[in-house]
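Colleague: Construct all of the structure, not just a fragment, from the sequences and the given hints.
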Amino acid sequence: MKTIIRSALTGITVASIAAASSAIAGAHSGMPASTTTGSMPAMTKKTVVAKKNIVITNPWVRVVPPGSANTAAYMSIRSVRKSDALVRASVPRSLAMKTELHLSTMDPETGRMAMVQQKRVGIPRNRTRQLKMGSYHVMIMGLKKNVRAGTKVPITLRFLRAGTVRVLAVAKDM
Amino acid sequence: MSRLMIAIAGVLAGAVMLAGCGGGEQQQTGLKGFTRDPIPQVGNVSLPDVGPGGAGRSVPLRAAPGGLLVVYFGFASCPDICPTTLSDVRAALKRLPADQRTRVQVAMVTVDPKRDTAAVMRKYVDHFFDSWRAYRTTDSAALAKAEKAFGASHSTTPAKGGGYDVVHSAFTYVVDDQGRLLVEWPFAMPRRDISADLSTILEEGTNQ
Numbered sequence: 001m002k003t004i005i006r007s008a009l010t011g012i013t014v015a016s017i018a019a020a021s022s023a024i025a026g027a028h029s030g031m032p033a034s035t036t037t038g039s040m041p042a043m044t045k046k047t048v049v050a051k052k053n054i055v056i057t058n059p060w061v062r063v064v065p066p067g068s069a070n071t072a073a074y075m076s077i078r079s080v081r082k083s084d085a086l087v088r089a090s091v092p093r094s095l096a097m098k099t100e101l102h103l104s105t106m107d108p109e110t111g112r113m114a115m116v117q118q119k120r121v122g123i124p125r126n127r128t129r130q131l132k133m134g135s136y137h138v139m140i141m142g143l144k145k146n147v148r149a150g151t152k153v154p155i156t157l158r159f160l161r162a163g164t165v166r167v168l169a170v171a172k173d174m
Numbered sequence: 001m002s003r004l005m006i007a008i009a010g011v012l013a014g015a016v017m018l019a020g021c022g023g024g025e026q027q028q029t030g031l032k033g034f035t036r037d038p039i040p041q042v043g044n045v046s047l048p049d050v051g052p053g054g055a056g057r058s059v060p061l062r063a064a065p066g067g068l069l070v071v072y073f074g075f076a077s078c079p080d081i082c083p084t085t086l087s088d089v090r091a092a093l094k095r096l097p098a099d100q101r102t103r104v105q106v107a108m109v110t111v112d113p114k115r116d117t118a119a120v121m122r123k124y125v126d127h128f129f130d131s132w133r134a135y136r137t138t139d140s141a142a143l144a145k146a147e148k149a150f151g152a153s154h155s156t157t158p159a160k161g162g163g164y165d166v167v168h169s170a171f172t173y174v175v176d177d178q179g180r181l182l183v184e185w186p187f188a189m190p191r192r193d194i195s196a197d198l199s200t201i202l203e204e205g206t207n208q
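Order-wise, the sequence lines are chains A and B. Okay, so the first sequence: first residue is 1 according to this note's numbering, each after it adds one. Okay, so the second sequence: first residue is 1 according to this note's numbering, each after it adds one.
The set of hints was computed from the structure by calculation and includes no laboratory data. All residues carry an ideal CB built from backbone N, CA and C; glycine is no exception. No false leads were slipped in.
Calculated pairs, BS3-like style, for lysine-lysine (alpha carbon to alpha carbon, straight line, at most 30 angstroms):
#1 B:114 <-> A:145
#2 A:172 <-> B:114
#3 B:160 <-> A:119
#4 B:123 <-> A:172
#5 B:160 <-> A:98
#6 A:145 <-> B:123
#7 B:145 <-> B:123
#8 A:145 <-> B:160
#9 B:123 <-> A:144
#10 B:114 <-> A:144
#11 A:98 <-> A:119
#12 A:152 <-> B:123
#13 B:114 <-> A:98
#14 B:160 <-> A:144
#15 A:172 <-> B:94
#16 A:119 <-> B:114
#17 B:123 <-> B:160
#18 B:148 <-> B:114
#19 B:123 <-> A:98
#20 B:32 <-> A:172
#21 B:94 <-> A:145
#22 A:152 <-> B:94
Which bits of chain B does chain A cover? Going by a derived footprint, with three or more residues having C-beta under 8 angstroms, they are:
#23 75-86
#24 121-132
#25 163-174
#26 181-192
Modeller: And the structure:
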């Protein structure tokens, strides 16, 4: 069964293949950079992955200097029709030791930044959760390889409802 | 949006800090970042610079004559806040005309010298900038003294599964050749504002 979902955030129409448990409905749509908003750096193209109720847009991973221990991945996650929660993220063992969900927070009194590991990142119904700089992110720890610009990092995300969703996060130096 | 919220939180935090210091001079300076009154003097603080210019010697945290030194306290294994800030500064520098850009040097001070060896620091800072210093000291008292001069701070907390996490202030500071801390930016300061502040200071001088 094929349904068309229109993402309110991006305005991109994506094909979501419902009830395709193992297959990933990955669609690469070559959208121009102009649709990104705010102070976020412009993306070169939009990547949208949809499965069941989950639509993921623009997964990317930060290029870090060679030899760096850690990096972070970011994306927009929208849950359509029902709420969901991201409960786990992982990358291949050949790339990094472990992967966790983190939230960067600022102590309003001291202005100090801390990262707190998250057991789950809630995705409210019909809302978009931004995994973004200075906020929620996928922390990729103990890198075994250098992440170079353009490298595609496979990230497996596990959602409470939608189950496993795989995305390819493009490495960007920005 | 939440990045903006953090910026706002930063503004509030800064406002509290400024109130505690007797009020800032935002209107008079025309700068987008925070200023303090009196202007802190940090030029008497020196730490070992393991970058190409310092080669491990103790170097004061002030700019070269006629230039500006952008100072950030962070650590290389920080995956989110530090690289975001350094990328923002890099992008802001690219917006400047070449004659201004070449007068700006960026210094990172590691708050995690245990993991950030001199080699790690060099590779890390060099990734982001053309002209840079990498300050690293294993003398925790010297680091604390430098942090205090800027109003920066950090602490470490044990991490689950071993190791430790670093909690740190995330301001970026601008120091002139007299060692005066002229302006500081909270995390997620827009790139255009970073650029504008550098330009304003370089164009007009400080006259303070």
